[in-house]
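Novice: As a plain string of letters, each chain reads:
Protein chains: 4
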Amino acid sequence: MIVVMKPGASKECIQHVIDLVHDYGLKDHPIYGTDQTVIACIGDKRAVDKGAIENAPMVEKVMPILAPYKMASLEVKKEISQICIGPNQTPIGGTKIGIIAGPCSVESREQILTTANAIKDAGCIGLRGGAYKPRTSPYSFQGLGLEGLKILAEARQQTELAIITEVIGLEQVESVAEYSDVLQIGARNMQHYPLLEAVGKTNKPVLLKRGMSATLDEFLLAAEYIINAGNPNVILCERGIRTYEGYVRNTLALAAIPALRERTHLPIVIDPSHGTGHAYMVPSMCLAAVAAGADGLIIECHPDPEHAASDGAQSITPKIMAELMVKLRRVAEAVDREL
Amino acid sequence: MIVVMKPGASKECIQHVIDLVHDYGLKDHPIYGTDQTVIACIGDKRAVDKGAIENAPMVEKVMPILAPYKMASLEVKKEISQICIGPNQTPIGGTKIGIIAGPCSVESREQILTTANAIKDAGCIGLRGGAYKPRTSPYSFQGLGLEGLKILAEARQQTELAIITEVIGLEQVESVAEYSDVLQIGARNMQHYPLLEAVGKTNKPVLLKRGMSATLDEFLLAAEYIINAGNPNVILCERGIRTYEGYVRNTLALAAIPALRERTHLPIVIDPSHGTGHAYMVPSMCLAAVAAGADGLIIECHPDPEHAASDGAQSITPKIMAELMVKLRRVAEAVDREL
Amino acid sequence: MIVVMKPGASKECIQHVIDLVHDYGLKDHPIYGTDQTVIACIGDKRAVDKGAIENAPMVEKVMPILAPYKMASLEVKKEISQICIGPNQTPIGGTKIGIIAGPCSVESREQILTTANAIKDAGCIGLRGGAYKPRTSPYSFQGLGLEGLKILAEARQQTELAIITEVIGLEQVESVAEYSDVLQIGARNMQHYPLLEAVGKTNKPVLLKRGMSATLDEFLLAAEYIINAGNPNVILCERGIRTYEGYVRNTLALAAIPALRERTHLPIVIDPSHGTGHAYMVPSMCLAAVAAGADGLIIECHPDPEHAASDGAQSITPKIMAELMVKLRRVAEAVDREL
Amino acid sequence: MIVVMKPGASKECIQHVIDLVHDYGLKDHPIYGTDQTVIACIGDKRAVDKGAIENAPMVEKVMPILAPYKMASLEVKKEISQICIGPNQTPIGGTKIGIIAGPCSVESREQILTTANAIKDAGCIGLRGGAYKPRTSPYSFQGLGLEGLKILAEARQQTELAIITEVIGLEQVESVAEYSDVLQIGARNMQHYPLLEAVGKTNKPVLLKRGMSATLDEFLLAAEYIINAGNPNVILCERGIRTYEGYVRNTLALAAIPALRERTHLPIVIDPSHGTGHAYMVPSMCLAAVAAGADGLIIECHPDPEHAASDGAQSITPKIMAELMVKLRRVAEAVDREL
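Chains as they are written, first to last, in the numbering used here: chain D, 1 to 339; chain Z, 1 to 339; chain R, 1 to 339; chain A, 1 to 339.
Hints were generated in silico from the structure; no laboratory data involved.
Don't take every hint at face value.
Remember, identical chains collapse to one label, so a pair may be satisfied in a single copy or spanning two.
Okay, derived cross-link-like pairs now, DSSO-like style, lysine-lysine, Cα gap no bigger than 27 Å in a straight line [as the list claims (entries may be wrong)]:
(1) Lys96 <-> Lys61
(2) Lys70 <-> Lys11
(3) Lys27 <-> Lys327
(4) Lys50 <-> Lys319
(5) Lys61 <-> Lys6
(6) Lys27 <-> Lys11
(7) Lys61 <-> Lys204
(8) Lys96 <-> Lys120
(9) Lys327 <-> Lys96
(10) Lys50 <-> Lys61
(11) Lys201 <-> Lys150
The model shown is predicted, which means the values in this text are computed figures rather than measured ones.
Required output: the full structure, derived from the provided sequences and hints.
Specialist: Here is the structure:
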């Protein structure tokens, strides 16, 4: 942590900050520059609220140095984590790129089985589908609940696909963990800490979506909550961020792939569906994500998007999905990976 | 809802969309323009997922017309709601502007009682303070929990201030509702729907903070969840949005005041502390908020910000608070209101 | 400038950076922390490209300390600058708050004279109006050019209002400087450096609008270009920033007022018209800006907004303007200022 | 254009808007819905300021239908434009992907010739380098000017690479057009309309960078200015947008590739250097851009980034560039294109 004093800070102000630094159990190391004095603070600063020092007189700013997360960081674990999911324990995070697909919502047994079989044939390893839906409006379709979970479990039995489904509240953690293979934490819940701790106490892998306007630090700290609670199997999912851009639902920030790879050992999956909001953009963003180094993709796929209960605009059909898989395979090979 | 067809859409494509509109139980009303055809859809469209239609061939975009919320809207209730809080049932939402202050976290009995007495003397009507803290890092101070609630209740007994405190998980709704007067839903939980429904089933007013990058529609739909669950006493709180600006923690969007006033009857409170992140900016933003028509303010105030467990940088002292109240009174009078 | 090394950086890497720091004529001051080494660099760093050092092996980041502007800063000049404008040399930047109003575009002699007389009566000190219009579309109205300038000059003669008008290209600097009292640099041109240098060589005050997504550092550096070219009379104008918010044209960042006041001696004017995009929001944002400490306002006002050639949605009528002035006077007095 | 009336709008208000629509030379087509009335307007609306109608009483909003650009649109020209650049008239916009590289600034003859030869050997088709630099600070290196242009021309003679260099002001258009093959309009100047018109009057292709926070409509309208002035040879360049993200200089919006392809026939080039700000992210973003369908890349490459006069942090070395080209070739082939 570096405390930057304003130009012209008096000796008394500087001494006051040094005393404050000591109050926090840190060692001070002042540097008297030509225009300004800065005080480097040495010691473990993760628990210190930097804001407190910022409020001292003549402090211009306090700049943290240390990454605020530990267990999610590359310092603690240098090799990329492989997280195995589903009945076949397919690894996410190695040479193979795992493709997950499926509808936004579980709407019916037929819809799910049709989709599951089609994506299985195309080479996907996982089936996504929401049984509990966090919907912006209380008047929108809210999901089939437990019935939806059972339909997903049936699809797994038929196809051996791993099941990924969202858990939106504490009271569902147990049942979702019973029926599914991967617990999804949605973007809206990325900072719902009681839920992070609850999934951290299960033994199921967690797919953690980045919050709509989360920083990478906040994202990795959310992962840290889960790991800290006992569950190291966290898959990070970039799904686009909210920006001023109106031609997309979200701006897909693919540079998060190299940026996260520089910071964390956790596998990185891209969601090009929420990341764009438009079906016609999904194939090119899938290809881009694989070329950029993603460890997996999670794609919305629906047999009849025009009648989908949710996210119809961004869902591709199983036919488009199958064609896309062929192209993905070629791009994966071009970057020395495989599907 | 207006469906805009791409230029050059064939008759078949247009008919296909018209059929789809009928599938959704809406009446169609096509308009053939010089360049493009648009199809106006008449009927109740709140439950239709516009995305589904967007996926039909040659559809350029689907534009909703109707506001997606009902009970929060001015159409349902024309006069501004007055919501009475605390032991004295002080109204928020009338001529009087309610000022709430207090520390980010409840840290100790002494800290709270000192603050409570000071802000009471200055003319505040409510005391804020977190007993359960949603912290970005698992290594930060997480709050005193139940003990914190009891300290707040003691402060109420001494001062008759209304107590506002955050509820971060379902399991605390009952105890927070028991000890406090207003249940706060934090920005991170604005779209945690199970929690919105749970506080919607209590009989305590709710202070709902706008999510860090929520639109006004999303904000009002979150309020709608609470009202829809049975609790009409929702106070909206603008607390800044996340933007590219680095000199503030958040960008305080004061234009939300006239914009919300145009859309909803719910009272509007401004949080200039989270809305800026810096104590030195708080007074001018408080004055601005009152001038702009806010129904209340919620301000972080700490007797010793340099040693605060959280949010020290944005907390003002009771002394600054008292000076600010004098100025706020003058500005309130200038816009025909009072504290 | 502080260079932060990655955890585990070798002695060689650290020495390499120290050598690089010397190459740039700076003194090094390494601090060996528990997890990471940082190297404080002492000397004049304004001319060093921090990016160059960031590219050295094992450098995590380079953090600048010094504000990059000088002449615009409070370090160079502690008291707020008063800049006098127009035939009566009305000061902007003192106790008095200067209100400027007028249409987006000069459309006709009658429109301008009507507006000028009305706003003069209401107590405004300046008339704005564009003769040269930077329009997003080549098919939009582009302004009356020289004829517009002459109409503005006639309005000045009739009313003694100061004339503020935009200069959008180098070739107009001379003629705009001849006919108007204040040269406006629009948001789109905030970083058009040849134009900044050109207005910096005139003897007319400059109203510099903040770019649509400029940081405060970029904004003050743009002012620095003008001052550096010889013209110290720069008035800063916050006019809203681009964010994800859809209910406004721009998000008016009023916290820029205290933030700029902390950094610069230049006067600060607020544009609530571009800052919101909607006439109904303009009055409350004007009141808020004055309460927050603005030194002036620049407001779009048109006698017939429904037929305005540009910016009709955000223009208020002279009647609303007159009513607003009464309220502004009261709020100004409440914060110990006057119109 | 669709005018949406507020719920409860009276007949008089509706008639007033219809009259206004007629004033603008449009035909009205009102639709009376269950909650609200909307008025579709038929005719050429590109020249109508929608804001004017928004100001009429009881109008909720005015929604444009028509894309505001014409000549840049796919409606006017269905096949992708091929734009040939440099001594060998290498096409940008066909099966072949054109890779352009070079330093941010021209610093010396040796630096440019070294870089030019290296990137030529690696398979690049163009050399970028700034002779005139738009720098955020007046104290930063401002470029070598005419001398820089001459060095670039010498590099062309040696290598037959196409020269791309920025023109920042009207007074340089002529000399830059004389020495270079492609005129670059930088992000800061995307809406400097006099400059757009000036380059529109030359016969040199223009590489137009998207403004830092420009929408796609604004971007294509800037292209429209150039085409409208007589120069159809516009290459669009996405270079990242400003968002809240702090780990990048800009957020590279690769979904702009499919989005622009849906709207315009102009070729699309990606700048991953400004688009991320960090050299270590550049290779993966280059691969992603090619996989996503980019027609070209423009990459900052410097023989000694640690001593670069500008943009050192985001410059890759010729060695990294050569390795990257091998990978790019493989990904290009995987999507049926070639370098």
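Novice: Confirm or reject each hint.
Specialist: Hints, verified against the model:
1. Proximity of Lys96 to Lys61 under the C-alpha cut-off of 27 Å is found in neither arrangement, the shortest distances being 45 Å within a copy and 32 Å between copies.
2. When the C-alpha separation of Lys70 and Lys11 is checked against a cutoff of 27 Å, the pair qualifies only between copies, where the shortest distance is 24 Å, while the shortest distance within a copy is 36 Å.
3. In this assembly of identical chains, Lys27 and Lys327 lie within 27 Å of each other by CA distance neither inside one copy nor across copies; the values are 56 Å within and 41 Å between.
4. For the identical chains of this complex, Lys50 and Lys319 are inter-copy neighbours only, at 22 Å across copies versus 53 Å inside a copy, given an alpha-carbon limit of 27 Å.
5. Taking CA atoms no more than 27 Å apart as the test, Lys61 paired with Lys6 passes in both settings, with 8 Å inside one copy and 22 Å between copies.
6. For a Cα distance limit of 27 Å, the shortest separation of Lys27 from Lys11 qualifies both inside one copy, at 18 Å, and across copies, at 23 Å.
7. Taking the closest pair of Cα atoms, Lys61 and Lys204 never come within 27 Å of each other, the shortest separation being 42 Å inside a single copy and 36 Å across copies.
8. In this assembly of identical chains, the alpha carbons of Lys96 and Lys120 lie at most 27 Å apart only when taken from the same copy (16 Å versus 35 Å across copies).
9. In this homomeric assembly, Lys327 and Lys96 come within 27 Å of each other (Cα to Cα) both inside a single copy, at 15 Å, and across copies, at 18 Å.
10. In the homo-oligomer, the alpha carbons of Lys50 and Lys61 lie at most 27 Å apart both inside one protomer (9 Å) and across protomers (19 Å), since each shortest distance falls under that limit.
11. Taking the closest pair of Cα atoms, Lys201 and Lys150 come within 27 Å of each other only inside a single copy of the chain (23 Å); across copies the shortest separation is 29 Å, beyond that limit.
Comparing the model with each numbered hint stated earlier shows that hints 1, 3, 7 do not hold.
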